[in-house]
Structures are given as C-alpha cells and as structure tokens.
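Q: Once you have looked at the hints, place chain P on chain Z.
Protein chains: 2
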Amino acid sequence: MINLETLCKNAAAVKYEIQVLPTEKKNRVLEQCALALVTRREDILNANGLDMERAAEKGMPQGLQDRLRLTAQRIEAMAEGLRQIAALPDPVGEVMERFDRPNGLRIEKCRVPIGVIGIIYEARPNVTADAFGLCFKTGNAVILKGGSDAFYSNQKIVEILRDVLGKNGISADVLSMIEDTSRETAAEFMKMHKYVNLLIPRGGAGLIRSVVENSTIPVIETGTGNCHIYVDDEADPDMAVNIIFNAKTQRIGVCNACESLVVHKDIKDAVLPKLGEKLREKQVEIRGDEQVCGILSESIPATEEDYGKEYLDYILSVKTAGSIEEAIAHINRYNTGHSEAIITENKEHAEQFLREVDAACVYVNASTRFTDGFEFGFGAEIGISTQMLHARGPMGLKELTSYKYQIYGNGQIRE
Amino acid sequence: MINLETLCKNAAAVKYEIQVLPTEKKNRVLEQCALALVTRREDILNANGLDMERAAEKGMPQGLQDRLRLTAQRIEAMAEGLRQIAALPDPVGEVMERFDRPNGLRIEKCRVPIGVIGIIYEARPNVTADAFGLCFKTGNAVILKGGSDAFYSNQKIVEILRDVLGKNGISADVLSMIEDTSRETAAEFMKMHKYVNLLIPRGGAGLIRSVVENSTIPVIETGTGNCHIYVDDEADPDMAVNIIFNAKTQRIGVCNACESLVVHKDIKDAVLPKLGEKLREKQVEIRGDEQVCGILSESIPATEEDYGKEYLDYILSVKTAGSIEEAIAHINRYNTGHSEAIITENKEHAEQFLREVDAACVYVNASTRFTDGFEFGFGAEIGISTQMLHARGPMGLKELTSYKYQIYGNGQIRE
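Protein sequence lines, in the order shown, are assigned to chains Z and P.
Last residue of the first sequence: 415 in the working numbering, with the numbers rising by one and none dropped.
Last residue of the second sequence: 415 in the working numbering, with the numbers rising by one and none dropped.
Just chain Z, with the same shape it has in the complex (with noise of 0.2 Å):
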C-alpha cells in the first residue's frame, strides 16, 4: 500500500497536467469511464459481493445494506452520470470578467480548476465515479478516501477508472483512491494542505464536525440540514399543508427535507388541524409546543434538543411564533444554513423573510425539497454547501473552480 504523503503528493505532481487537458479530451475519456463501468460490470458486481458479505456478517442493517448494493442498473445509472458530466459546459477557461486601467493593463478574470480536491465519505459507492467525474471535468486531480464498507467496490471502480486514464496517457494519479480506511490515516489525511487544496466530507453530522475540526485543508461543509417552514400569518392554508407535507415525506432521508416548522399564532387553527390529519398519512410524529399540543392531540412535547436536530425520520418538530420576526430569530438560531422557507401571501413579510433568514437557500411558497443541483439546473452536483466561504447551496461544476488574474502590459511599472 502506497504512503499518504507519497499519495497526496503524486496528485499534487500531476494537477499541472490536467489543468490543461482540452474540453473535448476530457469529454472523451469520460465517455470511455461511462462505457469501462459498463463492460467490466461483472468485476464491479464481484467486488461489491465481497463488500456485501462482510455487511451481512457484521449484521449491517438493510437500510445501509441497500445504500452499499449494486446492481447492473445502478452501475448503468453511474456510467449514465459520467456521460450527462461529459455534455455538460466546461467552466474551465470562462474570462468571468474583463477590465482596463487608465495605466493601459488589461486584467482579465478567468475560471481555473482548484487543484487537487480530497473527497472523504461514507457508504456509498455510486459516490467514487461521480466524485471523479465533475473533479475530472473541472480540470481537478481527487483523492477519494471512501469508507471500509465499500472498499472492495471503490476500490474496483477506482481501477477501471485509473486504466482508461493510462489508455488515454494521462497520470492515473489524477484519481488516486486511500486504502486504509482506518481513522489514524482519515485525521493524517486531514493535514496534507501542502498537497491537497480543498476537502469536501460528505457524510453525517459526526463525519463533517470532525473534519471541520481536524482539517488543516480548505474544507467545504456539505449537507447537514435543519430545514424549517415558516407558515406567515398571512399564509394560503392549503398550498401551506400542501408544501410542508411534500418537503417532509417526498423523501425523509435528505438533507434538504423539512425537519421543522413554525407557525404563526394567528393561523395556527386554521392550518394545524389539516396538517396533523395529512402528515397522519405518512404517520408523522409532531413534537411541538404547548399550543401545538393544544391543538393536535396526538402530539408529542418538544425540548430544545428537538429544535436542533435533523431527524431524517418521519419526524417533525413544530413551534408557534408570535410574530415574523420572532420566527425568523428562532430559525436563525436553530437552522444549519440549508435551506428554509416561507408561506406567504404578504410580498412584504416574504421580502423580509427572504433578507434576514440565513440559509444558502430560501424559498417563498415552494418546497425546500428544491435545494439540488439539478433541480437548479446545474446539471450535475458534489453537495450542498452549508457555509459561507466560496460557495453556498448547490455546488455544481463552476463551483469546482477557482479563478486567476491574467494581466496584459506593454513594460507598465508603478511609479
């Protein structure tokens, strides 16, 4: 097994390489990776049988089980991920802006890949080629560092994808995969800023506190979100049920479903009741306030850890607010920066809404199930960025880039 610093150092030597790859070469071996997934399916579907048998002994529940498993059509939905990567625009190159000085230099702004980029993350192994795919489009050589319960996996696809590299002569260090899953080499990983240039964590709450806290590389915290709606007093009850009821059940284990809700006093009758009778559909269980208890009789009290927590679960917490801005404090203290919403009929109480919540995403009268690089229209994204450097919200290819000043002069020197 390689060392880490020798790793992190190869794909350090060889960014320069990729950084200057043509889009349409790019684009070519992407569509080679999608095909290689494709035919040697066999050897993936082997691999991933190793992994799932040592799931099954350890006794993994089915849900993560499932998460691990692949199959002919998930390995054809990763290679159909690579190809719609290879059609999408290459942001490498875009002169973001241009200028002139009085002193006669040009200075032009242009978009250049960020480096190398370490990606750590958890079970599954639909990740590595993605993970790859929007590094390699944007010019970025990547450092996977996948969990153990996938090993066999990452580390077969990781082999497919380093051999159409060699094919096409480029460093296969551009992609480069750490097989020692233990903890020691994750936090030992977490200090190599002198070779890696951004850490993204895609993960749980626990993963994402500990490379913020480790991490001695630019990290991008992706993902935990507390998502709250807001249900004004001047809120159209039914698109408000409608809403919540959407952005809580469509799909509960995502970071971009609602886990909170607060709802103004003056229309909590008149939406609460519709509401618990809805959610009773899904068996939602409501932990919420007093007054909430009040009204919805199967519901359970709230404490200030409920406030706080994404559930991922058929769970919602529920709190009645006096006014707009006390709803907006209680989210801004509480909220992780995602996504939060407001269902309104009042532009005003909407505009105030949209200026003071602090999230990367908020919404008037929509689902904060919207919260995607997708659904944005970016095509394709590495995660949903919950803070506030570089980029915020869905990060999609443009957000895999930096830039640099390229600056023309004809023997200008300052006086």
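None of these hints come from the bench; they were simulated from the model.
It is possible that some hints are incorrect.
Just so you know, same-sequence chains aren't split out, so a pair can sit in one copy or run between any two.
Unchecked claim - Within a straight-line C-alpha distance of at most 30 Å, the following computed BS3-like cross-link-like pairs (lysine-lysine) qualify: (1) 194 - 9; (2) 398 - 194; (3) 109 - 347; (4) 309 - 278; (5) 309 - 109.
Quantities reported herein were computed from a predicted structural model and do not represent experimental measurements.
A: Same frame as chain Z, now just chain P:
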C-alpha cells in the same frame, strides 16, 4: 477583561443587525468614524506614545518602531481611508444572477455579508480602522486580534469607533477587540468556528502558517509573495531590465515585490549585464546559478533555499532556464501563488505562461507590483489571497461577501 467565548458569542449575536443596515446609514457611520478619529487625535497619539515607550524600552528595531508610530498625518490617512470606503459602492444586496426554472421557480443569487470576520494582525495600528471599515461596509461584524506592540493604540482606536457605533444606535459589538494578546488566546480564538465565519491573518509567514495549521475557522491565507519574473528568449531586454528594476526595488518590504528571476539562456548575455549595472544603483545582492555567476562576477551562488525565499530585502535570486517549460516548472515549484510575470514579445509564449503558471495574478510585460486592490480599481483591499478558495488575489469589498439563493414560488412541490 471579557471572556473570549463571550466576546465571540456577542459578535455572532449582533451579526444580523448589521447585515440589514441600509447603505446610507453605513456610509454616514463611516464618515462619523473618520471625523471622530481626527477629532480625538490627541487621545490616539497619547495611547500610541505608551506603545512607543514600551517599544523603545524593549529595543524594537527602528524599522518596526516606524511602522508602529502614529502621527497626526497618519491618523488623517486612517480617517481618509474610512471616507474612501464610505464612497465605494455597497456590494451587499446585489443580484449576481437570476434564472427561471421550467417549474416556474425564479431563482436569484444575491450577495450577502459573510457574518463574523476575525482578523489577526501584527504591528501596524492603521489596520485596526481599515479592517473595521471594510468589514462594516460589507455588513460583517469584526473581531480584531492585534499584536501586543500596538495594544494601547488599537485599544483607543477601537474605543473611539465603538463610541460612534453606540451613538448611532448600533450595537458596539459589531466591532470588538481581543485585549489578551497572548499566543494561548490567539490559539483559542482560532477554534471559535461556532461563532466566527472567516479568519484572515495579516502578517508574516510564521503567523499565517500558525493560523493555517491551528484554525478550525475557514481561513484566507494572505500576503506571502515569492514573486518571479521570467525573461523569455524573445523579450525586449530594455523592457525586461526596466520592469525587473521596478518590481525589485520600488518598494522592497511588500508581498508583490519581485524576489526571483528566471532568464532564458539564449537571452542572458543580452539582459544580465545591463540588469546587473542597473541593480547596482540600489546595491541589490544577486544570488545566481553557475551561468549567472559566470556573467555577473559580483553575484553569490544561490542555494536551493534561495529559490524558495521571500527576501523582502535588496536581494534577488536568479536562475537560467533552457526553455519556457523549464521556467514554468521552476516557478510552479517555488512560488507562493501570488504574482508572476513573463517578459516576451512572443504571443504564444505569453499565452502559455498565462495558462500554465499557477498564481493569483499572472502578468505579461508588466511589473508584479500592480497586484493591489487600488491598482486593480477595487478602491480598497483587506489583503492579497494566495489560496484557491473563495477569493484569489486582491480582496476588495466584494470578496468580503458571500451569497444566498432567494427562490420565488407559487406553491411548487417536488414530484
């Protein structure tokens, strides 16, 4: 002295207050801050006198004492800096992009403040007013951690600015200063990611390294510049000498000064003798490779270490290269991602250098000294970013902002 965590918490608690201040109000407050600095000049000079006394007692070098010293003129310059910031356009609220989705959602990408910005800096007390002005104008709360040498000066300036905030009905905690200047407190401050959204170190390479290695808050690295000029075989020798002389000697202690030269071997005989003669005017010491020492007899043999060094002094390392590729590889190995220049009349070489050299600012036929917020027309700057994420190169007001997506619907749910 207030507890560090409380101080950070207080800043986070008032960040939403400043985010929604109208531009006119922010400008008025900045004007009043400028006036207050001038009006209370004697208070500042007295406080600075205490710092200067301590500096003399401990035998601080004259150069550093000069950076620490305030005068009526320097206080006027600080005030003028705030007035200039007031006069710049406010980036907050700008709609950066607007797009409609097939389902009728309208998505607007809007510029917003980052939140709480921490700034760790060293001796110069003028940074105090400057950093406050830039952060305040962009709707960010700021926590300053200055060096112990400027303690009394910084304390007084902060007191005056906070007075103005209070008189304008703005929470003074929008600006705070960590009064404990110990390293332990600095280290503790770097772990306050719960409250602080961005940390910018302004100072020498040692400070920046310490912040990068210890901070759990996202960091923007600024200011170390091992800037190169490459003299191509198709360069105009006179232009080359003129630009190198300017970039090396116009001001030596700044991050955009030229520290290292790469000269194509086919042009070395036409350039180096003239250059040596010109640099002798300023007693610039040359540390060169064998070929350079062969032409310029007064030069000293360069070591490996020389090529990686930011001298900030009248010293220049010089290396010969057999090709533009060799020059680019050398620069990408030793540079700090700041500013690099090529001198050439060959358009293809210029384009290759612009494309392949990895730095925030890459110049053709101009001095590296232009990497500066004012020279770029940004009107002001908080520093020069030498990293890949969020912002690269001169950071003006826009670079102190993030964005949010504001999404307008009329009942959309996800199918």
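Q: Hint by hint, note whether the structure agrees.
A: Verification of the supplied hints:
1. 194 - 9: within (9 Å within a copy, 32 Å between copies)
2. 398 - 194: Both. Shortest intra-copy (24 Å) and inter-copy (28 Å) distances satisfy the 30 Å Cα cut-off.
3. 109 - 347: Classified as between: cross-chain Cα gap 19 Å, same-chain 38 Å, threshold 30 Å.
4. 309 - 278: Intra 22 Å, inter 68 Å, cutoff 30 Å: intra-copy only.
5. 309 - 109: Close across copies (28 Å), not inside one copy (42 Å); limit 30 Å.
Comparing the model with each numbered hint stated earlier shows that all of them hold.
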